[in-house]
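In case you want the letters, here they are:
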Amino acid sequence: MSAHAGGYSADPRIRWIESLPWIVAVAAFFALPEYLSLGARILIYILYALSLDLIVGYAGIVTLGHSAYFGLGAYVAGILAAKAGIGDPMVQLAAAAAAGALLGIGTGAIILRTKALTLLMLTLAITSVMLEIANKATALTGGADGLSGVIVAPIFGLFRFDIFGKTAYLYCLLALLIGWWLVRKMIYSPFGTSLTGVRENSLRMHAIGAPVYWRLVLVYTLSATIAGVAGGLITQTNQFVGLNVFSFESAGELLVMLILGGVGRIYGAFVGPVVYLIAQDLLAKQFPEYWYFGIGTMLVLVVMFARGGILGILDSILVKLRRRP
Amino acid sequence: MNIALETRGLCKSFGALTVADDIDFRLESGARHALIGPNGAGKTTFVNMLTGALPPSSGTIVLGGEDITAMRQAKRVKRGLGRTFQINALFRRLPVLDNVALAVAERCGVARRMLRAASAHGDVREESMELLATLGLAEDAGVRILDLPYGKQRLVEIAIALGLKPSVLLLDEPAAGVPSLESHRILQVLDNLPKHIAILIIEHDMDLVFRFAQRITVLVQGEVLVEGPPDEIARDRRVHQVYLGEQHHA
Amino acid sequence: MEAFFASLVSVAFHGTALGMILYVISVGLSVTMGLMGFANLAHGVFAMAGGYVLTTAISRFGAPFPLALVLAFAFVAAASVVLERLLYSRLYTASDLEQVLFTIGLIFIAVAVARFIYGTLQQPVVLPDYLKGQFALLGRDFPAYRVFIIVFSAVMVGLLWFGVERTRWGAMVRATVDNRAMAQSVGIDTKRLFTLTFALGSGLAGLGGGLGAEIIAIQPSYPFENLVYFLVVVSVGGLGSLRGPFVAALLIGIADTACKYWLPQYGAFPIYVATIAILLWRPAGLAGRHA
Ligand SMILES: Nc1ncnc2c1ncn2[C@@H]1O[C@H](COP(=O)(O)OP(=O)(O)OP(=O)(O)O)[C@@H](O)[C@H]1O
Ligand SMILES: [Mg+2]
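Residue numbers (our numbering), protein chains in the order written: chain A, 1 to 325; chain B, 1001 to 1250; chain C, 2001 to 2291.
Since the hints were derived computationally from the structure, they do not count as laboratory data.
Worth double-checking, as some hints may not be accurate.
Listed below are the simulated DSBU-like cross-link pairs for lysine-lysine, each with C-alpha atoms no more than 30 angstroms apart in a straight line [said to hold, decoys possible]:
id, chain 1, residue 1, chain 2, residue 2
1, A, K320, B, K1078
2, B, K1078, A, K185
3, A, K115, B, K1078
4, C, K2191, A, K115
5, B, K1075, A, K185
6, B, K1075, A, K115
7, A, K136, A, K166
8, C, K2260, A, K136
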């Protein structure tokens, strides 16, 4: 598999092609200054999709509730900034991460005892609970109006968030770089391999003495932590949080991005959000009906014909090209 | 002789269906023991209870002198209990090497590490490769299970269990459905297993059973019909009836 | 005291009506999930389609109400056969993730189509005169249409249960839910059984969507917004069961109405928490079998 599967015979060194996303990101920074806010959004969604890929693509946990952790991170950062007057972005981010981690371990420990539909249902229910809380605790969250007045102080007291979004873009890029490095390291480690083992055959993992449940709780918590950070970032760059961070549509959209890029291959989480969010920016506003229709059709087609997503298609094209003399 | 594994009054029912009925069973250390019986006799269920995959309805299971009836599956493995599956339970999209290395890594306690790369754990790799070599699978190390012929998949099934270095090994029909060339290979592997491992093999192929086993237990409808050395079993009228009866139906 | 009693009766009544609707919509989901193991998140699409068929038949073509109900059932059932044969059947052996994604895709498509044809506004339901007004019972007045919903659904539920208990089709369904391999080996044509059952379940969802259009508003985001409710009914009730989801649907209908009435400040929060608690207590649902 040319996908990034890790394992005991995989070479963990970073290949030159893996620098491509970073080159593109830096080039975009200089070449497309008027699109930096969209760019930051894409970077955040890549981080968010990466956290989802860890549990869906590698550990094989099917969830519709990942927005619970993203949304919590977003609200925690927002509430700190708007209500508690804590403007330091690092503190906000750390709090968002901690909140994601706590909710991740608490809910993960409960729901990962179940499987299949029950698990799916529980993830949905947890997100719905979070949505209800955010909706009803208006004093803290602003309810349906959302939470505005999010103030973010300069990073380390030095770098101010400017109106062009330059600082925000670089800040998100750095966060993504760290997140990517951690996720990649994990995937290539024995732990990551054991996760793919669980995905492939949890019956057998039990039979070789793996503490399957604890491994899943651990990866779920890590993933929730990263999602919490992504949520914190979205609040900081938008300087606003709304209920939509918890919506089922947004959890669905994230899955769509991941699937579009390719599941269980790290860089699918890069390609998906880029394609999806740019297409959304170009099309969704003008043609909302067609947009949803297009997304739906694409999902059906991907599941029917191209289960590896865009990267899967590229892979098979490359394989065919190589076979030719 | 030491007792490696023992059950006392082990029972299991699925609703009204009793699949294990008061099974008293002993496996001596280093034993070559076969468990035979017609389809649906409850052999696989028995193994599932031994490994902890299924909780028994009542009765106790003792491994190496310790009551493990309520012990979690993972802990039993750490105590030296290994098994194979009647229906392949492999990591289908992973290469053969990883299938075995996953088991080796669990045994060595490195499986939960996340800082160094898996492939940097040379000891796990080497041990897995050696194991594959002894099973004649060295050349297939990089092949995904999906792309492997069925006979070799059965060998991987055994290799994973051996990667755990078990002291008690439960083999659930290791040669079922394997073409004769490869079933020969499996027999060879079984013969070469370290002598100290206590082996319980479930098998329908009577030639294999009588060649391999020093002791045989016959299970019929969840009950132990008879147990003894092969020649006694071969002469036992009740066993003949069960098997002839079965052939009669078939 | 009298006022409290009155509100109690009112909550029980409206809750039962909602519960009945939820059951008629969700029972098909329970059976198909139990039967085929298919995680069909798009089930709400069938209910929504039924709602649109009903409202369109009445307001555009002036169809009488009973005919519109029949049409909602028949149209959705027929459409679902096409979908099942063309798409669903190819994914019976696919992974949970693929089934989930595929059905989310269907939801997106349905939402877009509904928006395209009907716009984003909710569809008004024009009731016939004989279902308007109040119905007096035991010295109280009840909205006639809700009474009709409860009675009509009860009849449908009775018919369905009778069908599953007493007909050959029902026996085959029960056998296949129990043990698919066994059912196949005794010669049950599971492929046809799936199609038929899927059509019936979807048709019922269409019927429920139409019948309940006044309670659960028909608008494009219907399949998204109500998905959780349908899934709660099925998972709390127990996959593949008929009676479990019935109990669950009534519980949820009444609990939801009670919460809206007495604890509006908490929204649907108590429902979700109760769902989580029940699933933790019995992961396979109230009527689910425990392995
Ligand atoms: N989870 C289960 N629920 C209900 N019944 C079961 C379950 N597992 C097994 N059974 C039943 O228990 C009986 C014994 O099954 P088991 O698989 O142990 O038989 P076996 O002796 O291994 O047969 P074979 O030789 O065919 O492998 C069978 O009738 C089977 O249908
Ligand atoms: Mg068996």
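Status of the hints after comparison with the structure:
Under the criterion of a C-alpha separation no larger than 30 angstroms, the hint pairing K320/A with K1078/B is inconsistent with the structure, at around 46 angstroms. Distance hint between K1078/B and K185/A is fulfilled; the C-alpha atoms sit about 28 angstroms from each other, no more than 30 angstroms. Of the pairs offered as hints, the one joining K115/A and K1078/B holds, with about 25 angstroms between alpha carbons and a cut-off of 30 angstroms not exceeded. The hinted pair formed by K2191/C and K115/A meets the criterion: a straight-line CA distance of about 26 angstroms does not exceed 30 angstroms.
Between K1075/B and K185/A the alpha-carbon distance is near 28 angstroms, which keeps this suggested pair within the 30 angstroms criterion. Note on K1075/B and K115/A: the hinted pairing holds, with a Cα-Cα distance of about 22 angstroms set against a maximum of 30 angstroms. Distance restraint check for K136/A and K166/A: the Cα-Cα separation of roughly 35 angstroms exceeds the 30 angstroms cut-off, and the hinted pair is therefore not satisfied. As the CA atoms of K2260/C and K136/A are separated by approximately 13 angstroms, the hinted pair is consistent with the 30 angstroms bound.
Hint compliance for this structure: hints 1 and 7 are broken, all remaining hints hold.
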